[in-house]
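Between the sequences and the hints, there should be enough to build the whole structure, so can you do that?
Same order as they appear, the protein sequences are chains A and B.
Taking this note's numbering, the leading residue of the first sequence gets 1, the next gets one more, and so forth.
Taking this note's numbering, the leading residue of the second sequence gets 1001, the next gets one more, and so forth.
Note that these hints are calculated values from the structure, not bench results.
Nothing here was measured: the structure is a model prediction, and the numbers come from that model.
Among the hints, erroneous ones may be present.
Reference listing, derived: stretches of chain A covered by chain B, where coverage requires no fewer than 3 residues with Cβ under 8 Å from a Cβ of chain B [stated by the list, open to error]:
no.	region
1	23-37
2	43-56
3	173-181
4	187-196
5	211-225
6	239-253
7	344-353
From the derived model, a few chain B residues whose C-beta atoms are all more than 12 Å from chain A [what the hints assert, rightly or not]:
no.	residue
8	Ala1064
9	Glu1256
10	Gln1268
11	Glu1282
On the chain B side, residues computed to face chain A include the following (Cβ under 7 Å) [said to hold, decoys possible]:
no.	residue
12	Thr1077
13	Gly1080
14	Arg1116
15	Ala1122
The beta-carbon is built from N, C-alpha and C at its ideal position, and this holds for glycine as well.
Number of protein chains: 2
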Amino acid sequence: MRVKGWARTVRDSKQVVFIELNDGSCFASLQVVVNPELANYEQLRKLTTGSAVEVVGEVIASPAAGQRVELKATEVTVIGLADSTFPLQKKRHSFEFLREIAHLRARTNTFGAVFRVRSALAQAVHEFFQQRGFVYVHTPIITGSDAEGAGEMFRVTTLDVNKPPRTPEGAVDWHEDFFAHSSFLTVSGQLNGEAFALGLSDIYTFGPTFRAENSNTSRHAAEFWMIEPEMAWYDLDDDATLAEAFVKHLMRTALERCADDLAFFNKQIDPGLVARLQHVLESSFERMTYTEAVRRLESSGQKFEFPVHWGANLQAEHERYLTETVVGRPVFVTDYPTEIKAFYMRRNDDGKTVAAMDLLVPKIGELIGGSQREERLDVLTHAIRSMGLNPEHYGWYLDTRRFGTAPHAGFGLGFERLVMYVTGMENIRDVIPFPRTPRNCEF
Amino acid sequence: MRVKGWARTVRDSKQVVFIELNDGSCFASLQVVVNPELANYEQLRKLTTGSAVEVVGEVIASPAAGQRVELKATEVTVIGLADSTFPLQKKRHSFEFLREIAHLRARTNTFGAVFRVRSALAQAVHEFFQQRGFVYVHTPIITGSDAEGAGEMFRVTTLDVNKPPRTPEGAVDWHEDFFAHSSFLTVSGQLNGEAFALGLSDIYTFGPTFRAENSNTSRHAAEFWMIEPEMAWYDLDDDATLAEAFVKHLMRTALERCADDLAFFNKQIDPGLVARLQHVLESSFERMTYTEAVRRLESSGQKFEFPVHWGANLQAEHERYLTETVVGRPVFVTDYPTEIKAFYMRRNDDGKTVAAMDLLVPKIGELIGGSQREERLDVLTHAIRSMGLNPEHYGWYLDTRRFGTAPHAGFGLGFERLVMYVTGMENIRDVIPFPRTPRNCEF
Chain A
1 MRVKGWARTV
11 RDSKQVVFIE
21 LNDGSCFASL
31 QVVVNPELAN
41 YEQLRKLTTG
51 SAVEVVGEVI
61 ASPAAGQRVE
71 LKATEVTVIG
81 LADSTFPLQK
91 KRHSFEFLRE
101 IAHLRARTNT
111 FGAVFRVRSA
121 LAQAVHEFFQ
131 QRGFVYVHTP
141 IITGSDAEGA
151 GEMFRVTTLD
161 VNKPPRTPEG
171 AVDWHEDFFA
181 HSSFLTVSGQ
191 LNGEAFALGL
201 SDIYTFGPTF
211 RAENSNTSRH
221 AAEFWMIEPE
231 MAWYDLDDDA
241 TLAEAFVKHL
251 MRTALERCAD
261 DLAFFNKQID
271 PGLVARLQHV
281 LESSFERMTY
291 TEAVRRLESS
301 GQKFEFPVHW
311 GANLQAEHER
321 YLTETVVGRP
331 VFVTDYPTEI
341 KAFYMRRNDD
351 GKTVAAMDLL
361 VPKIGELIGG
371 SQREERLDVL
381 THAIRSMGLN
391 PEHYGWYLDT
401 RRFGTAPHAG
411 FGLGFERLVM
421 YVTGMENIRD
431 VIPFPRTPRN
441 CEF
Chain B
1001 MRVKGWARTV
1011 RDSKQVVFIE
1021 LNDGSCFASL
1031 QVVVNPELAN
1041 YEQLRKLTTG
1051 SAVEVVGEVI
1061 ASPAAGQRVE
1071 LKATEVTVIG
1081 LADSTFPLQK
1091 KRHSFEFLRE
1101 IAHLRARTNT
1111 FGAVFRVRSA
1121 LAQAVHEFFQ
1131 QRGFVYVHTP
1141 IITGSDAEGA
1151 GEMFRVTTLD
1161 VNKPPRTPEG
1171 AVDWHEDFFA
1181 HSSFLTVSGQ
1191 LNGEAFALGL
1201 SDIYTFGPTF
1211 RAENSNTSRH
1221 AAEFWMIEPE
1231 MAWYDLDDDA
1241 TLAEAFVKHL
1251 MRTALERCAD
1261 DLAFFNKQID
1271 PGLVARLQHV
1281 LESSFERMTY
1291 TEAVRRLESS
1301 GQKFEFPVHW
1311 GANLQAEHER
1321 YLTETVVGRP
1331 VFVTDYPTEI
1341 KAFYMRRNDD
1351 GKTVAAMDLL
1361 VPKIGELIGG
1371 SQREERLDVL
1381 THAIRSMGLN
1391 PEHYGWYLDT
1401 RRFGTAPHAG
1411 FGLGFERLVM
1421 YVTGMENIRD
1431 VIPFPRTPRN
1441 CEF
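The following block contains the structure:
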């Protein structure tokens, strides 16, 4: 057989050279055995780590532990030598160091595995929705709307910032900008997705979203991918049922299709990972109102950094305690206080809560957030006003409630959060090929 | 059975009301037959176009032409009335008009079909590559590199454009910007994709790209999606072979899975569409060098608006003449003059051409552009310099040639161009859910 790949390690043993060859297609490397008979044996003894080589040889049962076969080379061609300054020499490298060489880190065990799992999960997302007849919608990345209040936004412009055109009053004249007004990078495709769901019934988005928050944490990136399904005719219960099936489909796919990569993460990165994913897959997810959740937290006797009381946001410590200790499996917390949720969530009849849901899972807390949307034109208009927003800025969105409105619901899943959950990687910078964070936009 | 959808039309006939109900899941509407026995019959006689309704009834063979079955209603519930100002009353609407109500147009026959086809094609893209073991890579949207010269770029910033921070010399101080230097929206993920291919072997991207070109044509949008596979160990021939299989997979998927939608386009939008797609699917694609193509064009006797000569870019008229008249089927034109192609394309031994390819197809000309990449460090560095660019700006990119370089190739397909080709729609604004063009960033 003929194989091509990069030498992960080269070991010059007595009368034989071992090349550990990997082409990135799977976790395992292939051990290539080079005997002195080969014409370029002396050259190969000095082969540098990271070099690209092509090998012709015979697959034979391997006497070595940990591998069934090895490749007995009959011909080895060096395709591209690695300069001896190649930074990925055989030793442990810190993730911090590897971030500085993001263009090379896919050639390590860890990052090859991360990006294979990321790809498999992305495909699982599409499969899940397409099999159910959902229409994949590319909602816009550049948006003229800055009114969602979901976070700080990046401005998109072609104006000369050094000398922008000005109005007679001296303000920047945004009418001169590319889109003839201020424009930004999207923080969510939801409102656009709703418009399509109220016509195509079941849709989903899967695209990049942006936050210009200057927070340098292991969980925040300025650019990340989000999945946002939106379903007409769904109420909150239907929404949760779909989200549960979705999460289980993702877990099942990872466990089945990425078994080798996950075995690695389970061993080297996050002991207990595979059992945790398996547990999520096999659990029936609990459902509990926010009111009940607060009651259970209050009566738990547990000391929290942030005190719990009805009306307050649940903090990560509360969320984890709920899913890990109170219920011991994934739980949907539903029907949150109106005041702490977004204007578009459907008002419940109790006059104080909305039909929102968060899915909490062991180890990280919130994985998914969703809601039934307010489909009643008058209630929605009132909600927009009561949040201090101007209904006139939501003209097209309100149109969808004016012309054949229907109950609908949806949820959002941060894709990087999912990849972190499935791999056990703890820094968002390590699950994005080329991460963008404050003061960092290399490559 | 129970169905939910929107009334496309309501017809009050003698003693019976017909509601044409559609939920966006497929092209065909379901005819609902409402008899006077129903308690709310008088209400339903006045049901407005666009209203959302839920119907319980019995599926019966239909006496009407063009449909096998209809739904005899036993219960009809009006879920959301459409205001009588609903713009999509039953009549022909121009595409121009419908663009102004992009939030509603998915509820028309044409745009429901366009966006279902778009979604099916997106899924076909993923299937094709995932089945072959390609890793889907999310290359960055925000980039610090403005040096590719592939087109004008949008700036991304969080600076206050009205009063940006200044250096002592009075220039805008980009060190104060979010990423601590100038940043832009990407025009291509290729260079990042190459870095991943030289580690994972076979990868593809599928994400949004941007051009800040102020050109208001039917083919240009400021925001569009692009697919860019990149394969280590591939030469130009392998690249073309993969591209041919890819295009055929896309045609086959559209013809098989979107038969009803395509039948509509074939009838109403672009007569000959289905035959054209079928022809592409069944053809063996020709391969021809640029030099040969120029010779054939010169000797054709055909009059062109732009004269043909070796060294010039082929114009759309030349491309279409080649594929439609000279060859009569899709053709890869390969090995273009170095001067008219990008720096990263592999120099051929003849000293005057590069290993580039364009796939030309009947009706539109270029559908795909690709190349084998220059994998030789010295040749690539020289090429960068000879294009007037600074190799120091390509440090990480050149690293991939320094540390185990390997032959590799890839291509790019503009996704909207594909959707236009498969639907016959002639304006890019009509295949994007919410298009972004100069002076237009609504919704």
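Hints and how they fare:
With a cut-off of 8 Å between beta carbons, the region 23-37 of chain A has 3 residues touching chain B; three or more are needed, and the interface restraint holds. Counting residues of the region 43-56 of chain A whose C-beta lies closer than 8 Å to any C-beta of chain B gives 3; at least three are required, and the coverage claim holds. Given as covered by chain B, the region 173-181 of chain A passes the check, having 4 residues with a CB less than 8 Å from a CB of that chain where 3 are the minimum. Counting residues of the region 187-196 of chain A whose CB falls under 8 Å from any CB of chain B gives 3; the rule of at least 3 is met.
Coverage of the region 211-225 of chain A by chain B holds [criterion: at least 3 residues with CB-CB distance below 8 Å; count 5]. As drawn, the region 239-253 of chain A meets chain B at 0 residues by the rule of a beta-carbon pair under 8 Å; below three, the given contact is violated. Here the region 344-353 of chain A counts 0 residues with a CB under 8 Å from a CB of chain B, which misses the bar of 3, and the coverage is violated. Separation of B:Ala1064 from chain A is adequate, the least Cβ-Cβ distance of about 24 Å exceeding the 12 Å criterion.
Here B:Glu1256 stays apart from chain A, with its beta-carbon at least about 14 Å from theirs, past the 12 Å limit. Residue-level check passed: B:Gln1268 sits 19 Å from the nearest beta carbon of chain A, beyond 12 Å. Annotated as non-interface, B:Glu1282 keeps its C-beta farther than 12 Å from every C-beta of chain A; the closest such distance is 26 Å. Hint on B:Thr1077 is violated. Least Cβ distance to chain A is approximately 11 Å, over the 7 Å limit.
A cut of 7 Å between beta carbons decides the hint on B:Gly1080: the least distance to chain A is about 4 Å, and the hint holds. Hint status for B:Arg1116 relative to chain A: holds, with the closest Cβ pair at about 6 Å, below 7 Å. The beta carbon of B:Ala1122 comes within 5 Å of a beta carbon in chain A, closer than 7 Å, and the hint placing it at the interface holds.
The structure fails to meet hints 6, 7 and 12 from the earlier list, while all remaining hints are met.
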